[in-house]
Amino acid sequence: MSAHFVRSQLIAPQESPRSDTGLSAWLRQRLFGGVLSTTATLLSALVLAASIWPTLRFLLIDAVWQGTSRTDCLAETVGRPVGACWPFVQAKFAQFMYGFYPADQVWRVNLTYAIGVALLVPLLIPRVPYKRVNAVLFFGVFPLLAFCLLVGGVFGLPHVETRRWGGMLVTLVITFTGIIGSLPLGILLALGRQSSLPLVRWSCVTFIEVWRGVPLITVLFFATYMLPFFLPESWKLDPLARVLIGVVLFAAAYMAEVVRGGLQAIPRGQYEAARALGLGYWRMMIFVILPQALKLVIPGMVNSFIALFKDTTLVLIVAIFDLLGQLRAAFADPNWATPVTLLTGFAFAGMIYFAISFAMSRYALYTERRLNTGIAH
Amino acid sequence: MSAGDNDTWNPADAARDIRTTRNTIAIDMVAVNKWYGAFHVLRDVNLRVMRGERIVICGPSGGGKSTLLRCINRLEGWQQGKVVVDGVELTEDLKAIDEVRREVGMVFQQFNLFPHLSVLENCTLAPVWVRGLPRKEAEAIALHYLERVHIPEQARKFPAQLSGGQQQRVAIARALCMQPKIMLFDEPTSALDPEMVKEVLDTMVELAMDGMTMLVVSHEMGFARQAATRMVLMDAGQIIEVNAPEPFFANPQHERTKAFLGQILR
Numbered sequence: 001m002s003a004h005f006v007r008s009q010l011i012a013p014q015e016s017p018r019s020d021t022g023l024s025a026w027l028r029q030r031l032f033g034g035v036l037s038t039t040a041t042l043l044s045a046l047v048l049a050a051s052i053w054p055t056l057r058f059l060l061i062d063a064v065w066q067g068t069s070r071t072d073c074l075a076e077t078v079g080r081p082v083g084a085c086w087p088f089v090q091a092k093f094a095q096f097m098y099g100f101y102p103a104d105q106v107w108r109v110n111l112t113y114a115i116g117v118a119l120l121v122p123l124l125i126p127r128v129p130y131k132r133v134n135a136v137l138f139f140g141v142f143p144l145l146a147f148c149l150l151v152g153g154v155f156g157l158p159h160v161e162t163r164r165w166g167g168m169l170v171t172l173v174i175t176f177t178g179i180i181g182s183l184p185l186g187i188l189l190a191l192g193r194q195s196s197l198p199l200v201r202w203s204c205v206t207f208i209e210v211w212r213g214v215p216l217i218t219v220l221f222f223a224t225y226m227l228p229f230f231l232p233e234s235w236k237l238d239p240l241a242r243v244l245i246g247v248v249l250f251a252a253a254y255m256a257e258v259v260r261g262g263l264q265a266i267p268r269g270q271y272e273a274a275r276a277l278g279l280g281y282w283r284m285m286i287f288v289i290l291p292q293a294l295k296l297v298i299p300g301m302v303n304s305f306i307a308l309f310k311d312t313t314l315v316l317i318v319a320i321f322d323l324l325g326q327l328r329a330a331f332a333d334p335n336w337a338t339p340v341t342l343l344t345g346f347a348f349a350g351m352i353y354f355a356i357s358f359a360m361s362r363y364a365l366y367t368e369r370r371l372n373t374g375i376a377h
Numbered sequence: 378m379s380a381g382d383n384d385t386w387n388p389a390d391a392a393r394d395i396r397t398t399r400n401t402i403a404i405d406m407v408a409v410n411k412w413y414g415a416f417h418v419l420r421d422v423n424l425r426v427m428r429g430e431r432i433v434i435c436g437p438s439g440g441g442k443s444t445l446l447r448c449i450n451r452l453e454g455w456q457q458g459k460v461v462v463d464g465v466e467l468t469e470d471l472k473a474i475d476e477v478r479r480e481v482g483m484v485f486q487q488f489n490l491f492p493h494l495s496v497l498e499n500c501t502l503a504p505v506w507v508r509g510l511p512r513k514e515a516e517a518i519a520l521h522y523l524e525r526v527h528i529p530e531q532a533r534k535f536p537a538q539l540s541g542g543q544q545q546r547v548a549i550a551r552a553l554c555m556q557p558k559i560m561l562f563d564e565p566t567s568a569l570d571p572e573m574v575k576e577v578l579d580t581m582v583e584l585a586m587d588g589m590t591m592l593v594v595s596h597e598m599g600f601a602r603q604a605a606t607r608m609v610l611m612d613a614g615q616i617i618e619v620n621a622p623e624p625f626f627a628n629p630q631h632e633r634t635k636a637f638l639g640q641i642l643r
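Going down the list, the sequences are from chains A and B.
The first sequence begins at 1 in the numbering used here and counts up by one.
The second sequence begins at 378 in the numbering used here and counts up by one.
One or more hints might be untrue.
Claimed, not checked - In the DSBU-like style, the derived pairs of lysine-lysine whose C-alpha atoms are separated by at most 30 Å in a straight line are:
#1 K295/A / K310/A
#2 K131/A / K513/B
#3 K472/B / K558/B
#4 K575/B / K635/B
#5 K236/A / K310/A
#6 K558/B / K534/B
#7 K131/A / K310/A
#8 K558/B / K575/B
#9 K295/A / K513/B
#10 K131/A / K534/B
#11 K295/A / K534/B
#12 K534/B / K472/B
Source of the hints: derived by calculation from the structure; they are not laboratory data.
Pulled out of the complex, with its shape left as it was, chain A reads as follows (with noise of 0.2 Å):
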């Protein structure tokens, strides 16, 4: 170009030049595309060939459908390759919800659950109005409720003792206690441990790193089996509240540690903007910080959330029988004991902890996303 140049027609956008599409494109550029990509496409291919065909028979096309007790589980009764024992899980599935909670009073705890996801799925849906009401009834008031209906010895309900309690059931309640408890427990450790007091930054700090830094098996143990030495005699605390306040405050300590790390990413000038404008520091961390760092730590949240759901099966050690504690007395039943019986039951359990976790974790994604539109930082 010359050392002059004044552009004498400006240039109209124009649609930019269509990219190589197409399936045959497709393939060739992500999975063909030179020798290593080949083949890692076949290796993939391979794995999952040999994984997902066994699975399918295993649970569905081998499976046994109907029956009464183990011999309709047998290979010899049906005369071919047995696959899951359905009629297994048929029979157990009252147990694997209910643990032994009295047949007659069932209805109780599914009234709790019809409660629970009344209040749950609108508060989920963003689009619903009076999140707050919402809210406020779900945290504060079900929690109350469900104690009640659970428990009983209220309202005319006979009391049913929390050693009945099992399955899912068990799983549910020490999950959703464990998540209410934590997150305001944990939000308020996080802030602390920023504490320009002294003591209490010493106080956080020191009951952060000693609750991560104990296995929750510990935990549950001390709970369960040396808490009562602590305590006096009168004190008799219900043993699953005893292992519910242990989860509560280990699931609190690591909920402080992924706050925290939100905390840290809000810029300095947030605080000086919230502070310039009068605002004290609960109301600035009410309706500035907190709302800010909360969001920024929503995965770390549910991945927390998650690993509590899944730790919830080492309550099993303490005699108190969750969903897998459940599915393992059911194994020692002789009426039930076929090959595939261990292996029918624990299929049974991972697909209910998967589609658990797993609708845990795209909710999250989902948030996460629908947070971000037009929010950037």
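Got chain A sorted already, so can you dock chain B onto it with the hints?
The following block gives chain B in isolation, referenced to the frame of chain A:
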């Protein structure tokens, strides 16, 4: 007496003056010294700002301009000296600090809007939660000030959807919504693209014409000439020269002032 005149400053006089002229003095900084660790960032700063004055503070970067500004609403503390804002002495006392912050608005270089809140919510947050205004009233005030900074149509948008100039005008409106007596501007146009500087400066000039007491850290000499009642040059943590804009630009006295103006007015 001329405020900010370091050589003739007498703290005893200042104390008496504060009592007698309490209603006309907006800000009084007396012998303020501040250190960041070993670094002496503010050195014997004396500055008295009368109500309705517009002070533009300029000087080389790292000279303590922003720090001085941030002492006025106690975003920064200091080790020696005292600062009295609107008759309230700023100390460790949180009540006094909150009282001052309610009366002093601040606009930052990086806007510091709250990204999770809409423009309107940015503007009503403090009036509702600090002043305790009903939401309806706060929104009316917010719309009034958004109109004043010429962006009422953006009220429902989020900060990230606005241009830099618009964001900074929202930040100005947000501060004005607290109906402050004093406005602090910390390099309000330094983070803006050149074509957006003017819209922000125009807003500030309008504010100045309305009689707002303003302290502005800025290198926008056009704005200074147009709106400032006094110029302050800071370097190495101290006030080097204070003067009315005309003599300040036409006839700078101190070598550093000359050097600085020589560099930016070239």
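* Asked: Any hints this thing doesn't respect? Which numbers, in order?
  -> Violated: hint 12 alone.
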